[in-house]
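Participant: Residue numbers (the numbering used here), protein chains in the order written: chain V, 5 to 271; chain D, 216 to 536.
Derived from the structure by calculation, the hints contain no laboratory data. From a predicted model like this one, the values you see are computed outputs, not experimental measurements. Note that beta-carbon positions come from the ideal geometry of N, C-alpha and C, so glycine has one too. Keep in mind that the hints are not guaranteed to be accurate.
[What the hints assert, rightly or not] Chain D is faced by these chain V residues, among others (derived, beta-carbon under 8 Å):
hint : residue
1    : Ser55
2    : Ser72
3    : Arg76
4    : Ala84
5    : Asp88
6    : Leu104
7    : Pro108
8    : Ala178
9    : Phe180
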Amino acid sequence: MKLRVERVHITLGHRPVLRDVTLEATPGAVVGLIGPNGSGKSTVLRTIYRSLRPQRGVVRVDGDDVWSLSARSAARRTAAVLQDAGGGPTGVCVSDVVALGRTPHHGLLGRDGADDHQAVDEALDLCGIRHMAERDVTSLSGGERQRVLLARALAQQPRLLVLDELTNHLDIRARFELLDLIRSTGITTLAVLHDLDLAARLCDQLVALHAGEVVAAGAVLDVLTPGLLRDVFGVAATASRHADGVVRITYGAQPLSLDQVPQPTVG
Amino acid sequence: MTVAISIGAVTVPLDQVWGIVWHHVSGAGAPGDPVTDQIVWNFRTPRVVLAALVGAGLAISGVVLQAVVANPLADPYVLGVSSGASLGAVLVITLTTGTLGGIGVSSAAFLGAVAAVALVFVLGQKGGRLAPTRLVLSGVAVGYLFLAATSYLQLRATPTELRTVMFWMLGSVAGAKWDQLPIVTTVVLTTTVALTLFGRQLNALLVGDESATSLGIDVHRLRAVLLVLSSLVTGTVIAVAGGIGFVGLMIPHLVRLTTGADHRRLLPQAALVGAIYLVVVDLLSRTLDRPNELPLGILTALFGAPFFLWLLRRNKSLDTI
Numbered sequence: 005m006k007l008r009v010e011r012v013h014i015t016l017g018h019r020p021v022l023r024d025v026t027l028e029a030t031p032g033a034v035v036g037l038i039g040p041n042g043s044g045k046s047t048v049l050r051t052i053y054r055s056l057r058p059q060r061g062v063v064r065v066d067g068d069d070v071w072s073l074s075a076r077s078a079a080r081r082t083a084a085v086l087q088d089a090g091g092g093p094t095g096v097c098v099s100d101v102v103a104l105g106r107t108p109h110h111g112l113l114g115r116d117g118a119d120d121h122q123a124v125d126e127a128l129d130l131c132g133i134r135h136m137a138e139r140d141v142t143s144l145s146g147g148e149r150q151r152v153l154l155a156r157a158l159a160q161q162p163r164l165l166v167l168d169e170l171t172n173h174l175d176i177r178a179r180f181e182l183l184d185l186i187r188s189t190g191i192t193t194l195a196v197l198h199d200l201d202l203a204a205r206l207c208d209q210l211v212a213l214h215a216g217e218v219v220a221a222g223a224v225l226d227v228l229t230p231g232l233l234r235d236v237f238g239v240a241a242t243a244s245r246h247a248d249g250v251v252r253i254t255y256g257a258q259p260l261s262l263d264q265v266p267q268p269t270v271g
Numbered sequence: 216m217t218v219a220i221s222i223g224a225v226t227v228p229l230d231q232v233w234g235i236v237w238h239h240v241s242g243a244g245a246p247g248d249p250v251t252d253q254i255v256w257n258f259r260t261p262r263v264v265l266a267a268l269v270g271a272g273l274a275i276s277g278v279v280l281q282a283v284v285a286n287p288l289a290d291p292y293v294l295g296v297s298s299g300a301s302l303g304a305v306l307v308i309t310l311t312t313g314t315l316g317g318i319g320v321s322s323a324a325f326l327g328a329v330a331a332v333a334l335v336f337v338l339g340q341k342g343g344r345l346a347p348t349r350l351v352l353s354g355v356a357v358g359y360l361f362l363a364a365t366s367y368l369q370l371r372a373t374p375t376e377l378r379t380v381m382f383w384m385l386g387s388v389a390g391a392k393w394d395q396l397p398i399v400t401t402v403v404l405t406t407t408v409a410l411t412l413f414g415r416q417l418n419a420l421l422v423g424d425e426s427a428t429s430l431g432i433d434v435h436r437l438r439a440v441l442l443v444l445s446s447l448v449t450g451t452v453i454a455v456a457g458g459i460g461f462v463g464l465m466i467p468h469l470v471r472l473t474t475g476a477d478h479r480r481l482l483p484q485a486a487l488v489g490a491i492y493l494v495v496v497d498l499l500s501r502t503l504d505r506p507n508e509l510p511l512g513i514l515t516a517l518f519g520a521p522f523f524l525w526l527l528r529r530n531k532s533l534d535t536i
């Protein structure tokens with residue numbers, strides 16, 4: 005499954021939030037979308053899972069404009085794990101939430117069949133949460149809840165995953181486990197990540213957004229240059245590949261003072 | 216239901232009730248004593264059937280509204296339906312001799328409910344989108360507006376009119392007649408079936424608008440369809456039975472606590488439990504203070520609230536929040 009976002013432009017009110025954003029994820033690739041707060045990362049995701057229609061530009065999933073597909077058929081291709089998805093009312097158990105992933109596979113009259121149960125069971129197993137299938141979702145820890153939401157997305161049997169800050173608020177081990185899990189699925193993934201070390205560890209490619217524009221895209225070390233870390237994130241830092249093959253970022257002792265960081269032009 | 220038909224100011228033995236109902240439904244068997252027949256077939260039976268329909272309608276409407284506006288305190292009246300209906304009813308009761316240009320209390324109440332909901336829809340949407348918070352707040356505001364007008368009319372009413380108004384507002388199925396039932400039955404049954412078909416999509420609404428969108432649901436269109444259906448059933452029910460409170464708030468929670476939150480099961484079960492509950496409450500309303508009748512609104516809360524609180528304390532899943 006290939007994702008291609010082509011020259012997408014979005015204005016909310018009079019403020020442009022995305023300016024000619026173009027990015028691509030080749031089949032099976034894990035692409036990280038990085039950028040400071042307010043740079044438009046979540047907005048890019050919204051155009052992909054069909055929540056926000058771009059004023060200009062096209063989002064293609066497997067070659068088809070997502071807005072030319074029905075909401076249901078688009079959702080059979082693309083699953084999302086978002087930040088609004090936590091909580092919910094009481095009386096909802098883990099397997100109920102995971103089963104919601106089957107929603108786009110049914111119309112009004114559809115009943116759950118064997119393939120639905122199989123998809124839910126596989127997702128529960130893959131995420132290691134089958135033992136808590138009957139637990140109430142309000143009783144879960146943060147890490148368990150994110151696993152449940154990922155299982156829901158996998159039960160959707162998507163060919164593209166979009167993830168918005170999946171690992172926020174999780175302890176370091178839970179982060180690594182979750183990211184390994186995503187890699188192991190082999191599904192094309194676009195993930196918004198705040199933690200640059202995690203992004204460097206997880207992703208094949210990175211796309212950096214700044215003030216609604218793509219300022220760099222490509223292999224991890226090509227994107228995480230000292231210049232970009234300074235201009236976009238406002239920190240003195242260097243990224244390098246260590247002997248074990250992992251890219252790590254070394255931050256300077258102090259954040260840069262504001263006059264050292266070019267400010268984005270607001271327009 | 217048979218028990219509910221048999222008991223009242225005059226108690227009719229169960230076998231006689233069956234005999235009379237069977238006689239009317241199938242035409243077979245012997246017609247019983249004319250007075251008993253009158254009581255059973257013309258007063259009690261439509262009343263019990265109406266109570267069941269009203270209970271079912273309020274319960275499903277409550278389930279749907281709680282999901283649609285994502286608020287556990289929502290009930291069928293959250294969008295101002297009851298205050299609109301009250302204004303309609305009070306207008307007819309106080310300003311006329313019971314009809315207004317041929318419009319009875321029921322029709323006026325229905326029109327008032329429609330007016331209130333239409334107003335809330337217009338005020339609660341922005342750019343064609345119905346956002347839950349704006350919708351609820353618009354409902355509350357419109358509710359107060361209509362309440363102000365209703366209160367003013369009540370102040371000017373005679374004591375007799377005021378009593379009629381009070382009784383109407385607290386709800387009753389005492390005025391049930393056979394000729395009302397076809398419309399109410401059709402509306403309650405079709406909306407129950409239609410809303411149950413939306414069960415899967417209602418489930419998806421529980422995870423938030425953005426996530427529901429990513430599951431392939433047109434959230435704004437779904438919300439509009441569900442609100443129209445639930446308002447239709449609430450408006451119909453309130454027009455024939457007045458403002459019966461508590462059922463639409465409590466029954467959904469009660470059923471959810473016992474059977475879980477899957478709307479495909481929750482909706483039909485809530486309809487059933489709501490129907491049974493209101494039949495029982497109606498039975499109590501006409502037996503506790505025989506031969507006088509108590510309004511249903513008093514009893515639904517009087518018996519429902521303590522039971523609900525007990526259930527709430529017993530439920531462990533609520534401990535975590």
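Participant: For which of the previously enumerated hints does the structure constitute a violation, in increasing order of number?
Facilitator: 2, 8, 9
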